[in-house]
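Participant: Each chain, letter by letter, is given below.
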Amino acid sequence: MARILVVDDDLPTLQALELLLRKELGEEVVIHTARNVPDAQKLIQKASEDRRSYDAAILDVMLPPDAGQSATLDARLCAEIRNKMPGALVVHITAYTGADAVRKHLDEFHYGEPEPRAFPKSAGWEGEVVKRLKSRLHGNRIRAQLDELFGPIERTGAERARAVSGPGGMRGGLTHRLARLTRDIEAHWTELDCDLQREIRKHFHVDQEEKGGVLVTLQMPGRE
Amino acid sequence: MDPLDWLAEARRDRMPPVCPHFDIKFTARNVRVGKGRGVGGVREMDLIHEYAEGLERAYAALRGKPFCRQTPLVLEGRNKTLVEVLEISDRFPDKFDPLTTLEPHTTIPCILLPCRTRFPTRKAELEYAVVAAAHEATHVFNFRKRHPRDPNTFGWEWFDEGTAVFMERQLFPQYRNYLEYSLDWCDRPERPLDDGEAWYQSQMFVRYLAALQDEAFLSEVWMCSLPHEKPLEAIDRLLKARGVPADQRADLFATYCLHSYLLRDPSSYCHAPDVYERHGGRALRESFELPTGNTIALDDALEHLSCHYYRFYRGGRAGAIQFRWSPAHTHSADLHATAAVVDADGRRGVTEPLPLGSPASLLAEADHVVLVVSNSARSGAALPYRIEVVAI
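For the record, the sequence lines run as chains A and B.
Sequential numbering of the first sequence, starting at 0, is according to numbering that gives the first Met the number 0.
Sequential numbering of the second sequence, starting at 0, is according to numbering that gives the first Met the number 0.
Pulled out of the complex, with its shape left as it was, chain A reads as follows (with noise of 0.2 Å):
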């Protein structure tokens, strides 16, 4: 289940975030929100005591660096991330695209990151920002059912015993979780990012169908 932490001080903004994702992400995901610094830390602080990192935190940029407080644009959130949880994907929202103080924080925090590093609040932003969502969501599901099938797995001397001794040992259920990230990739497809598809081609056959949509199949190693 995914979890994401979102924080704005603007409460309609909030609230019309939250709808919006979990209309776009179904059940299989928990959210968290707060509308200030110090709420958002305490939050942060639990995920990490309690091992159940974000996947994903969608941070305005300015916020209040207590409740009451004018907003002002605050790094500590991105730096206790980083520490805490580096492979939670930062979506930075702001109304303030060009100024300079912004533009510093991208460019220290989040070099090298997709553009927009920070989304814009005009028209249609919320949508932008659920799809930015999705793709990396969507995109860490697949890429531990791929690590998984296809490795390379780092095992300890005892897990590599037990995984070569089949058959004979436990069958691996491969049928059913294959055709469960065959699933997965068809009904993402679109979403994903380019490293991932080029990753999946690695190992499966992608077509397009006239319909609309694509076909997953497994390669066959020294067959076709």
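Treat the hints with caution; some may be incorrect.
Derived pair list, reagent style DSSO-like, types lysine-lysine, alpha-carbon separation capped at 27 Å [as the list claims (entries may be wrong)]:
no.: 1; chain 1: B; residue 1: Lys24; chain 2: A; residue 2: Lys210
no.: 2; chain 1: A; residue 1: Lys201; chain 2: A; residue 2: Lys133
no.: 3; chain 1: A; residue 1: Lys201; chain 2: B; residue 2: Lys24
no.: 4; chain 1: A; residue 1: Lys133; chain 2: A; residue 2: Lys45
no.: 5; chain 1: A; residue 1: Lys22; chain 2: B; residue 2: Lys229
Just so you know, the hints here were simulated from the structure itself, not pulled from any lab data.
On the provided structure of chain A, position chain B as indicated by the hints.
Facilitator: This is chain B only, laid out in the frame that chain A set:
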């Protein structure tokens, strides 16, 4: 006449078999003239013969009575299911298991079988081969109704694997390969029936269903389920159509859990002396010896579609053991509790369900009393419960 006479000839002549319903592709490891194929090649033709037998026996069984399944989807022109015999780890590092997937660029099922195994003896390898082929052939039939591309197939995996292992036992009981999946089934009754680690172990539930109704019922579940239905929903609707009353349907999983305990009882729908002989009975949560007047509370929680077993021995002069739910700590109608007196041979005497809040008592007249607590919810978080036990 054995419908596999053509295979006997191929065996005698050590020739590749020409199967009526499967197109088996393989290469020899060491050819008479030419480059060796190393890990991707087959050592001896008898492996292919065993695969052919497993595949075709499963095909004949599933097409014939009582299963009467639809023919699998096949590629027009070939009219057979493609079977590739290859080194599985060439495709999936560190994995050696057979699987059923789709032919490249098509939506037609095909089977991948290993060209080599690590069994210590040739005999073990060949026994495994015939059984594994039957297992994968069952998937091909199941895919006819629940295609791997169909999102509605999600949630049917456990029933598919359970059916495939059930067919292994139906066709080749002498090899007992199915028993490997009974190990965790015996030792982990608290693991949900549909858990990703327990798909194969659900064979015991499939076996129970077939004994409770008949083998044709399994095919009904496969062929008559509605697209959006999950297995237990389809089973409930189809049992209703067969006239099974609502209370019995509601207790289906709880009854399965009780019968699962009674592996040695011939009247049990889970009568499985083979499983008992190999792995023993299902694991107990806890055992007690209760002297008269002693009271204990069982405080625990159960995942969906799982159960706990408690065993009580008579202590001192205690003549009965009384169980009651503690309603303040037990909130769900999905929790069931059933107590049964069991004799020294593992046979059941009196059985009593425990409705929430109602006391019930049983004379501990035999070897012990087993209390079976089950959670029949089809999903959701673990449900807490408390049961108070008094020796009278």
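Participant: Hint by hint, note whether the structure agrees.
Facilitator: Structure-based check of each hint:
1. B/Lys24 / A/Lys210: Given pair B/Lys24, A/Lys210 is violated - Cα atoms ~32 Å apart, limit 27 Å.
2. A/Lys201 / A/Lys133: Measuring from Cα to Cα gives roughly 23 Å; hence the hint holds.
3. A/Lys201 / B/Lys24: holds (23 Å)
4. A/Lys133 / A/Lys45: holds (24 Å)
5. A/Lys22 / B/Lys229: holds (24 Å)
Going down the numbered hints, you'll see the structure goes against just number 1.
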